[in-house]
Amino acid sequence: MCLAVPGKILELGEDESALIEIGGVKKRISLMLVDDARLGDYVLVHAGFAIEKVNGYEARRTIELFEEIAKLDGTA
Amino acid sequence: MKYVDEFRSPQFLKGQLEKIAEFPLSARFMEVCGTHTMAISKAGLRPLLAPKIELVSGPGCPVCVTSAVDIGRALALAEMPDVILATFGDMMRVPGPKGTLSQAVSRGAAVQVVYSPIDALELAVSHPDKKVVFLGVGFETTAPTVAAAVMMAEERGLENFYVLSLHKLVPPALKALVEMEEFSIDGFILPGHVSAIIGSQAYAFLPEDYGVPCVVAGFEAADILLAIYELMVMCRDGAGLGVEYSRIVRAEGNRKALEVMHRVFEPADADWRGLGVIPGSGLQLREEYCAYDAGAWGVTSPEPIKDSGCRCGDILCGKIRPSDCPLFARSCTPDEPFGPCMVSTEGTCASYYLYDYAEGEGINPPHQHGGE
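Order-wise, the sequence lines are chains A and B.
Mapping to the numbering used here: the first sequence position 69 is 69, numbers consecutive.
Mapping to the numbering used here: the second sequence position 86 is 1086, numbers consecutive.
Misleading hints may appear alongside valid ones.
Some chain B residues judged to face chain A by a derived CB distance under 7 Å, without partners named [as the list claims (entries may be wrong)]:
1. 1090
2. 1106
3. 1145
4. 1229
Because the hints were derived from the structure by calculation, they are not lab data.
None of the values given here were measured: they were computed from a predicted structure.
Backbone N, C-alpha and C fix where the C-beta goes; we use that ideal spot for every residue, glycine too.
Next up, chain A with everything else stripped away, as it sits in the complex:
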């Protein structure tokens, strides 16, 4: 039930709403629960609300860590 997925903000609307895209699907959600989300930001979406912004810097760091371990395996 705590499922949430990252979506990209395509349009900012009235009343703290936004149009977002999740894997090709567009949906209107509320930005009422996050601070200064901007056009082009990725937000985590749960039950019609953005509940947090995705931190791009931290995401890249985790991916780099994955890549390092994959290289250790020797098959990458």
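Could you slot chain B onto chain A? The hints should help.
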């Protein structure tokens, strides 16, 4: 899909599984969250990690930990002639003392499945002659969205929107769990999205006061394997609080969402299936918002049948595995669920039945009882 696909590298998974296999330590970890349970079963991680690492599922499926009496109260509300009960779909087939919400619908009750609390709000706008009650089930991930809907109802002057708050809080449940006499977990894989709201610091008491290693993890198999390795290192070097899911979770959490949640709700005692009543582990509407509280209508439920054979309570505490329940895969299946852990798509029994049990590997099928 950005921020999803990059976390699914098979090379990484292979490399990380080897690192875990080479680490000189065996352990028993609990994944607290139902979304983790499903992710682990779906990726087939349990048999890949056994017997070195045993993964036990915890009380982190909100549908599953809702008590039978609370299901009965929701059903009684749905059967009131002027009420439309709006709920997340997962709750429809959970059995209470007088059956499920689905069965109530077949008897004429008005129940509407919604994706968001905002949809329930719109339902109230389009049915001014009805009372729309939103069934507030969920942890800290969901409670702010319901609180936001209550604030929107206030702003729009809606007088026919209500909430039955059955919301629950994760840290008090973990405290109750580690204080159980038979507690035997070496570390917690902590929920990612509950933590997005409450922040990783909310669990600091677990390593500090109880010496239990904790890592907040994301939901891809790669995230979970990183968290497991970090927990193993903590088992060797000393308990700490790690955040593997740093692309989402901050130490302080989401202050804005917390503000909205605390503005509308306040902590209250809550009855958890399996764990019983835990002080301060639920959320009730604050007095300022009591006009929206369907819980104040005094609707009651009959007591549930005792000794039905269902072991969901023990499964939710990690005391037994689904295959140790006499009903599992016999009189309780996803098609005809008996207990809530088999109903919810993220319930422990449903996950094990669909993936681990069907694979027939690693986890005992029900005819071979394994000792705990």
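Given residue 1145(B) as an interface hint, is the shortest Cβ-Cβ distance to chain A below 7 Å? holds (5 Å)
Less than 7 Å between beta-carbons is the criterion; does residue 1106(B) satisfy it with respect to chain A? violated (24 Å)
Checking hints one by one. Is residue 1229(B) an interface residue toward chain A, by the C-beta closer than 7 Å rule? violated (9 Å)
A closest beta-carbon separation below 7 Å is what the hint needs, so does residue 1090(B) meet it against chain A? Check passed: Cβ of residue 1090(B) comes within 6 Å of chain A, closer than 7 Å.
Hint violations for this structure: numbers 2, 4, all remaining hints satisfied.
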